[in-house]
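A.B. asks: Each protein sequence line maps, in turn, to chains Z and F.
Positions 4 to 139 (my numbering) are the ones given, in order, by the first sequence.
Positions 4 to 139 (my numbering) are the ones given, in order, by the second sequence.
Just so you know, these hints were derived from the structure itself, not from any lab.
Do not take every clue at face value.
Far from chain F, by Cβ distances over 10 Å, these chain Z residues were calculated [as the list claims (entries may be wrong)]:
| id | residue |
| --- | --- |
| 1 | 69 |
| 2 | 95 |
| 3 | 96 |
| 4 | 98 |
| 5 | 108 |
| 6 | 112 |
| 7 | 113 |
| 8 | 114 |
| 9 | 124 |
| 10 | 127 |
| 11 | 134 |
Label pairs and their in silico Cβ distance ranges [to be verified]:
| id | chain 1 | residue 1 | chain 2 | residue 2 | range |
| --- | --- | --- | --- | --- | --- |
| 12 | Z | 77 | F | 58 | 34 to 42 Å |
| 13 | F | 116 | Z | 115 | 19 to 27 Å |
| 14 | F | 42 | Z | 126 | 30 to 38 Å |
| 15 | Z | 97 | F | 138 | 42 to 50 Å |
| 16 | F | 111 | Z | 138 | 36 to 44 Å |
Just so you know, even glycine gets a beta-carbon here, dropped at the ideal spot from N, CA and C.
Letter by letter, the chains look like this.
2 protein chains.
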Amino acid sequence: MSLRAWSKLFRETGAIVCLYSNGLLPKCEVEMVAAEDRKSFDTVDHVAVSVTDVKGTVDWYLKNFSCKVAYQDETWALLEFANIRVAFVLPQQHPPHFALLRDPGLYGEPKTHRDGTRSVYLSDPSGNSVEVLALK
Amino acid sequence: MSLRAWSKLFRETGAIVCLYSNGLLPKCEVEMVAAEDRKSFDTVDHVAVSVTDVKGTVDWYLKNFSCKVAYQDETWALLEFANIRVAFVLPQQHPPHFALLRDPGLYGEPKTHRDGTRSVYLSDPSGNSVEVLALK
């Protein structure tokens, strides 16, 4: 069975396949993650990416991909994709980060935002900002 | 009805709610995105975030959140969350990017990877790398 056929099979059955060649000999790393297991994992609510031009960037994504603007002003925008939201932020206004849905009270003193959501910002060991977010 | 109750209602019905206060008067921006509409949007397969220490970062996420390692070596790792995969990459080995599932042939000349996936890298107007990825 070819590497490609293996890859297709495992992907269709919900697996993660990392196949790569190391020199002449192919090296295989296969990690099965069942769909049922994935449901118990934490959900990433949104990813915030730094941009230099909010409007130009949003227009480019709308032109090139299938997604929808959920919010937009001059300092940031929020695009809705099938499985996640992507925020485009001017870094001086909002830090780049990604947000995980969990009880923020387990991680620190939550800040309650005006829309009723609550969150705590953490830094991972590489200095990336991680928002722990409760939507209600 | 309070802003918080509105927020809860809309989130439970699949809406995106952006509520914020501008000075003393609350200003409301509500964008409904039905779950059925979202299914037609493009899917973000993974997000790749820069790290300085792959192992230390992976260990921190495993300790603090519910997720699973799908792949790990010294230069990058792939964590599986409920709705998305997050890659932690040394920037000199792999560029930070996010990957959208689409036919890459519509965007350029795809490169076929060893696992049979095909992709094209684009740059958005802010210089972010966007991988257009076909898994098979």
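A.B. asks: Confirm or reject each hint.
C.D. replies: Against the structure, the hints come out as follows:
Its beta-carbon lying about 5 Å from the closest one in chain F, residue 69 of chain Z breaks the requirement of being farther than 10 Å from that chain. With 10 Å as the threshold on Cβ separation, the claim that residue 95 of chain Z sits away from chain F holds: the shortest Cβ distance comes to roughly 14 Å. Under the 10 Å C-beta cut-off, the non-interface status given to residue 96 of chain Z relative to chain F holds; the minimum distance is some 13 Å. A cut-off of 10 Å between C-beta atoms confirms that residue 98 of chain Z is not in contact with chain F; the least separation is 13 Å.
Distance check on residue 108 of chain Z: its Cβ is at least 14 Å (rounded) from any Cβ of chain F, clearing the 10 Å threshold; non-interface status holds. Once the 10 Å rule is applied to beta carbons, residue 112 of chain Z is consistent with being away from chain F; the minimum gap is 16 Å. Here residue 113 of chain Z stays apart from chain F, with its beta-carbon at least about 14 Å from theirs, past the 10 Å limit. The claim that residue 114 of chain Z lies off the interface holds: its Cβ sits roughly 14 Å from the closest Cβ of chain F, which is beyond the 10 Å cut-off.
The claim that residue 124 of chain Z lies off the interface holds: its Cβ sits roughly 13 Å from the closest Cβ of chain F, which is beyond the 10 Å cut-off. Chain F draws residue 127 of chain Z into its interface by the beta-carbon criterion, the shortest separation being 5 Å against a cut-off of 10 Å. Listed as outside the interface, residue 134 of chain Z is consistent with that label: its C-beta sits roughly 12 Å from the nearest C-beta of chain F, beyond the 10 Å cut-off. For the pair residue 77 of chain Z and residue 58 of chain F, the supplied restraint of 34 to 42 Å holds, since their beta-carbon distance comes to about 40 Å.
Between residue 116 of chain F and residue 115 of chain Z the beta carbon distance is about 45 Å. The supplied range of 19 to 27 Å is therefore violated. For the hinted restraint 30 to 38 Å between residue 42 of chain F and residue 126 of chain Z, the CB-CB distance of approximately 35 Å keeps it satisfied. The hinted range of 42 to 50 Å is not satisfied by residue 97 of chain Z and residue 138 of chain F, whose Cβ atoms lie roughly 32 Å apart. As the Cβ distance of residue 111 of chain F to residue 138 of chain Z is approximately 38 Å, the hint placing it in 36 to 44 Å holds.
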